[in-house]
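As given, the protein sequences belong to chains A and B, one line each in that order.
Residue 66 is where the first sequence starts when you use my numbering, and the numbers rise one by one after that.
Residue 294 is where the second sequence starts when you use my numbering, and the numbers rise one by one after that.
Simulated from the structure, these hints should not be mistaken for lab results.
The structure presented is a predicted model; accordingly, all values stated were derived computationally and were not measured.
Among the hints, erroneous ones may be present.
[Unchecked claim] Below, simulated SDA-like cross-link-like pairs (lysine to any residue); rule was C-alpha separation at most 25 angstroms, straight line: (1) Lys425(A) <-> Leu334(B); (2) Lys312(B) <-> Ser418(B); (3) Lys357(A) <-> Ser502(A); (4) Lys386(A) <-> Glu504(B); (5) Lys273(A) <-> Leu242(A); (6) Lys391(A) <-> Ser430(B); (7) Lys394(B) <-> Ser502(A); (8) Lys358(B) <-> Leu317(A); (9) Lys394(B) <-> Lys273(A); (10) Lys394(B) <-> Ile296(A).
[To be verified] Among chain A residues calculated to face chain B with C-beta under 10 angstroms, some are: (11) Ile344; (12) Asp348; (13) Arg352; (14) Arg356; (15) Glu376; (16) Gly383; (17) His389; (18) Leu413.
Quick reminder that beta carbons are idealized off the backbone N, C-alpha and C, glycines included.
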Amino acid sequence: MSSLSARLLISVSVLLMFFFGVTIVVLDTAFRSAGEQAQEDILDGHLMALLAAAEVSDAGTLEMPSDLHESRFSNIGSGLYAEMRDEQGNIVWRSRSALSIEMPFGGQPQSGIRLFQNEELADGTPLLTLSLAVQWEIADGEFRPFVFKVAESLDSFNAQIAQFRRQLFGWFGAVALIMLLSISVLLRRMLRPLRQIENEIGEIEQGKRESLSGRFPTELTGVARNMNLLIDSERARSDRYRVTLDNLAHSLKTPLAAMRALLTHGDSAKFSERYNEQINRMDEIVRYQLRKPAASSADNLLLKLVPVKQEVDRLVDGLRKVYHDKNPTIETQVAAGMRFRGDSGDFLEIAGNLLDNACKWCQQRVRMTIHPPKGSRSGDGGMQLVVSDDGPGIPADATDALLQRGTRLDESTPGHGIGLAVVKEIAESYGGQLVISQSDLGGAEFCVTIPST
Amino acid sequence: MRLLVIEDDATLRESLAAKLGENGFAVEQAADGKEGLYYALEYPIDLAIVDLGLPEMSGLDIIRKVREEGRTYPILILTARDRWEDKVDGLDAGADDYVVKPFHVEEVTARVNALLRRSGGWASSLMTAGPVTLDMSRQELSVNDSIIDLTSFEYKIIEYLMVRAGQVISKTELTERLYDQDFERDSNVIEVFIGRLRKKMDPDNSIKPIETLRGRGYRFALERGQSG
């Protein structure tokens, strides 16, 4: 199910069906048992009245007066019946209403105990019957047993129950429908901000809008803010790419022009050398532009936490192969749980260039330590990366020039310092810096510090 | 020695192969990844030069597959991708060194020589054993500091034997690794060349650089020098 409102409506309907179902069953049961109780009480009343009306005749039998207190006993088909049997089960008396029917015999009660039964007439009409066995004193000291039985047709009672059920279902159905309708109306109102976000994103895609308006309910402001950040960083990124591409294209034109010029008035002796020079220059330009930082600290949302130790191990294994002949001692210390928040390619670019330079220039020893910058912990994303070697080192007055190279590539001499310029630029794009100093090993020390965000 | 060059750009591949041929190597060429992998697994190869961006199958996959199949010969990557991420991925997959495009062909031959030396267990660029010194970059053999004048095939043989100094090399292996693909193969030719080599390097039969093991092959018998 992809629609939030469909999901909610279906869940609510299921819940409503469950709760209303339970309520209907409970109400129905309660109503029915109350009705049955009332019915039994009424039958009991009739029975008591019959007992009171019965009299012993002179012939020594029990007799009923012809006019009973309840006129329904006298009307045929009234639905209220009574009869009296002797101990053999022979009918001694039956009410006028029962003359045309045969009452079911049913179970026989024990003496003195009321027996309620649900029975049926021959035509299937349901009955509630009450039987009572009594010992009647015919003469002094002479008791004879009789069974009194009254029965009431349940037709009207069942009709009542059915009526009640119809009403119950009707009302609950109406209430459920009204609830579902109002919930779906509410949903439409509540989901309107989402639809608004969708529309605004559509407008951004079409270029009609710069960013999301920001007029959203509290629950959505976070989403909208992050969306805006993402849009901004995407835009910044594509700007960066455009600028890079622009620079690349323009800076390649100069050497291309030079090569064309060489082709027209090339001095054949120096031709190949000068041609090569231009190729080198173009290579440097492409190299520099392609190695620019992939991300920057402004790209907050797009950055991942790079597991530093793992990347360093891969890098050092690779460099050991490349510098197999020189076989420098590469020492690495990485703080436990060290994570760099950024692009893993950028991290490798920093560590790779510095470590490669150190391996190139060292006598024998190279050392790299990576730990969190002062005042932050190793998982925070910032880092201080220090690479030192025991090579000749870099004179203090040359460091500035070294770092400047590559940054204004059109005007620089090719061949040197691209790696360092790249490291510096990546560090700066993450809000950090590159510092060159003297190492305690005797050579140069390069320290890149990138703050935690 | 037999090299394999897998590179899809024809100009680059052919000029590289030509240059390597000049340097005394037999060279197989493959223009795409699948063909390259076939050569890499089925041919007797001493070193492979693999471009990373290939049609059909990437260079990285070829390297992984070759290493998975247990081949240990050195692999040199050619790559247009300059970021450390890509270099590390290649080395991690099992390559031994990389050259970034655009390169000078001399750069590639130098790396190839170094890798071959390294695979034979030599650490320095000059291989010295007793009075014999071999300089792979100049293709020069000298005995007692005087350069011996060798034909290119004689040089190929002594280079192959000396890189693998101490190992027994069969005649079949020599013919397989040294001749170009469609050359008429005849192992008697090898015997003739070995005889000439012995005469040129050791005219008075005093240092005995090449040992014959009957029925098994030849061995460069001199102890490797200090640097080796």
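- Which hints, by number, does the structure contradict? 1, 4, 5, 7, 8, 9, 10
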